[in-house]
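These protein sequence lines are chains R and Y, in that order. The numbering of the first sequence is this note's numbering, which starts it at 6 and goes up by one. The numbering of the second sequence is this note's numbering, which starts it at 6 and goes up by one.
It is worth saying that the hints were derived from the structure and are not from the lab. Just so you know, not all the hints are guaranteed correct.
When chains are identical, the list treats them as one kind, so a pair holds in a single copy or across two.
Within a straight-line C-alpha distance of at most 20 Å, the following computed EDC-like cross-link-like pairs (lysine to aspartate or glutamate) qualify [as the list claims (entries may be wrong)]:
no., residue 1, residue 2
1, K275, E263
2, K510, D467
3, K586, E200
4, K586, E233
Protein chains: 2
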Amino acid sequence: MGFEVQYRTHTCGELNTDAVGKQVVLAGWINRRRDHGGLIFLDLRDRYGLTQVVCDPERSPEAHKVATELRSEYVVQIKGSVVRRAVENENPNLSTGKIELQAEAIEILNAARTTPFPITDNVQADESLRLKYRYLDLRRPSMRNNILLRHRIVKIMRDYLDERAFVEVETPVLMKSTPEGARDYLVPSRLYEGEFYALPQSPQQLKQLLMVAGLDRYFQIARCFRDEDQRADRQPEFTQLDVEMSFVSEEDVMSLIEDLLITLIEKTTKKRIKQRPFPRLSFDDVMSRYGTDHPDLRFGLPLVEITDLAAAGTFGVFKSALAAQGMVKGIRVPGGGSYTRKEIDELTEFARTLGAKGLVSLAINASGEIKSPLTKFMSAEEVQAIIERLEGQAGDLLLFVADSAKVCNDVLFRLRTKLGERLKLIDPDEMALCWVVDFPLFHYDEEGQRYDAEHNPFSGMDEAHIERLDSDPLHIRARQYDIICNGFEIGGGSVRINTAALQHKVFSLMKMDNEQIQEQFGHMLEAFEYGAPPHGGIALGVDRLVMLFADADSIREVIAFPKTQSAIDLLMGAPSPVEEKQLQELHLLVRHEEKR
Amino acid sequence: MGFEVQYRTHTCGELNTDAVGKQVVLAGWINRRRDHGGLIFLDLRDRYGLTQVVCDPERSPEAHKVATELRSEYVVQIKGSVVRRAVENENPNLSTGKIELQAEAIEILNAARTTPFPITDNVQADESLRLKYRYLDLRRPSMRNNILLRHRIVKIMRDYLDERAFVEVETPVLMKSTPEGARDYLVPSRLYEGEFYALPQSPQQLKQLLMVAGLDRYFQIARCFRDEDQRADRQPEFTQLDVEMSFVSEEDVMSLIEDLLITLIEKTTKKRIKQRPFPRLSFDDVMSRYGTDHPDLRFGLPLVEITDLAAAGTFGVFKSALAAQGMVKGIRVPGGGSYTRKEIDELTEFARTLGAKGLVSLAINASGEIKSPLTKFMSAEEVQAIIERLEGQAGDLLLFVADSAKVCNDVLFRLRTKLGERLKLIDPDEMALCWVVDFPLFHYDEEGQRYDAEHNPFSGMDEAHIERLDSDPLHIRARQYDIICNGFEIGGGSVRINTAALQHKVFSLMKMDNEQIQEQFGHMLEAFEYGAPPHGGIALGVDRLVMLFADADSIREVIAFPKTQSAIDLLMGAPSPVEEKQLQELHLLVRHEEKR
């Protein structure tokens, strides 16, 4: 007992001209050492900033002697007095830029080997090296700022919801496996041979049960897990802001979340919100105009359908798409009329890799002259009608895809994104948010020969459409809302089903038999019989949100310890083999498959 | 689009005399229905309170008609006007007790079956029924209040730490298995045959790596997992407030946490803190005085060693304990001099079940007369010396155990607790907190023939004791501190090792070879070579803390969805068998053992 050590009196971001003349102690890492005119200059770094330290052999030979040993990333404690820098030596980029510390004593608290990459922002190191040495990567200012921003965003979320009577409830991580939805991560039980827990894909069921419990307003910053192949920017575990409310309609949830998002953007970024209130677009509209249900609204370039006009003339590409119940859809590239053959070929090749048979182009040169294969197969009026539909101007390029609706939309959605970037239509300081609503409740799963929930089987549906459950399930509108930011789906939710009969009917349409329904969702159906209030909610993807706020390229940049795209933790070395004893206790054998 | 439904204008806890005359809409659950004098009275309940509703067939025959159909736990929406209750009908226990709602329209939003137990606090239902219907159990006011209290405690923790520049960082749940410590829950990898992730027992390593990363002050409300047999009040998953700080000594961590705990108690309870600042007791002292390292300081009854005095005389029980290098320790039971033979026998039996061979008693009756087997084998002076050592008074009972130190302490620790309750020495409104420090770094594990870390292998040690690593490991003092409240260890932490050489030495003493050290902890040792600052931290058990604050009997009462003592989720039905396809994808076979 008797713990008197004090490592520092101030942090490295704290001292300014008010402190001049004071004796202080700082501790931190050597960010840089320069030897200049007999003096040694040290930049001492901690999370809070940088302070310049001068070691003068005349004033303190001992401190100077220790300083000669210091190398980058050494951890030191420095005692000294704060002096004002000469005006010409001030550094306006540092909060401590008007002062420096005259070192009187330096103690090396820990030495450091040469780091595998420099601790600076413009690091060229391979991502796998950065992940293996994540504790060094996180020393870089941009990474540190991402982690601090994430903390701040999540803190504001919590404060905002707490002020509005929401209760944060921790739901279990050891849950029950359900074959519905994505693939579960399983956790073998030691006590029950052959039985498993599953990690939650979301706390969906439990948050609904909390509404049945009368908690009224729930939220949680919840860890969720999906064992999916890690194409795209995904992680095996991710974080969502999970919200559920009782006695609400869509409007209540959407206006709450809209206001929360505005608050977050205003408090943590300098970004502008493109449109307030956020536009609300129907699923049909966004699919038609943008070919996707998560459109980037920072720029225009809408897709335009010309299926009706494409029926005219004798152009084979159009004709065969129409014959196969397909469609023809185009996009206008402003100023693209001067693209070279090579540029157009590149775009065509891009479309081909996405599944299109090709692109039909129509260039209008500066003097209004038209260059297009269409002119051979259509009358001038017919071509003109198409140009007018797309609002083509002199100097523009029009590009068309003739195919199934799915291919048209997929290809033109990505082509639009590519053109938006190429034409520099995207303002990086702008946040374009919108709601997408009026989703269909079901789609038809050809492979499984059944209806499947477009979002999740708990989504409610328009009262007036309930009767279509028997007659026309594909035309039931879900009480679903997705929130989109700059082309990313950052969240989604719905007003839920709250009666057992309706919930049972939805499961039946998904081709579950009574036994499966009881086994997997019996507890939900039962809960709905004990007084389930009307309720609805939403989940926002925290990783993606922070990524957008931080202008990061990947969610891995805003997660302290992410896994690779192939689900490996390079720092800890996970997953890894375990001891035979552990497997025995879990009643498991590894099934060694033949290597192919 | 167009979401206009509004289910309520106020909550059921909100209306008071200010609202008299207003038209309002409430929504909630029927808590109780009474038919009285032609009127129907409804208590409408939501999370926020109760509001009395009157249905008068004269004023609104329709509302009255609906009211006749209502039963407990129906979910309804009621429109009406707020009226003042007659003074004699006021209910001072309700925030809404001076008003009632005159119903004008009632809509049944959802019906309810009769619940398996009543939604009231004094419920006699079996715990397994309560867990199966947790969504109903959570409707009971005491359970709801526990969940709300938990939210509030955790919110205050976060606010407190955020204000002090701590950053909350989410660490992964899919981690690497290490054979050290408790048993891991494993998660099989689908992508890597025969490999596994493990759920973290704590974020210990990652929080230390965050210090190496320069994050300076970290915290997390972290979910932790241990696959241990669920004796006592444990859960497979539990929550801790995890804290780590750089450039600190014990004092910094302890004073921060002490102030946080005081803040929490003052803001969320009406409890008194017995002593401030919290006493700091050494491990040796508490083991000696209380027989445990987590003493309940709400009452006295210290244990007193009399090994030296027991050497006198010829009492065989004492003699044989001493001959076996044991000790003799006693406790004074104030007023116990009048206990009957039967009462003393009961205490003796209790001691026997805990492993003692028996209890030696010494009763002093009101007139100072002594009744004890000791009087036959010791002189009056020798007996008197023992009485004086225990500060025995007329009317007291002294009880002794003669055995190994471990048995003496175990038995007297529990006997002391039992006596504290029996003698009603415990004030339920008092919080007695203390720090226990000066722990040994190692104990010797006879079975494994090795030294094992008393707390965890990352704990630092007194500088002056480092040399004992080679000569006398059992007498190294750890820089460890535990925080105890009312006899429960609610947290513990240490100042850590931050150099690779020292850390390696500790692992070696634990009989790990170089390969094991590299395989399991190579990343930690490597990190310590890149400039690891001095650092330390602590973890507080959130479940236990909330339990103590809520005066609950078990942590299951303060967890929204706990598992049973045998690790079963009775609500969801987990663990459960999974489909063969899932096992195949995970390269696993279940090893069906012969049933015995």
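Item to check | Hint check against the structure, violated hint numbers in rising order | outcome: none
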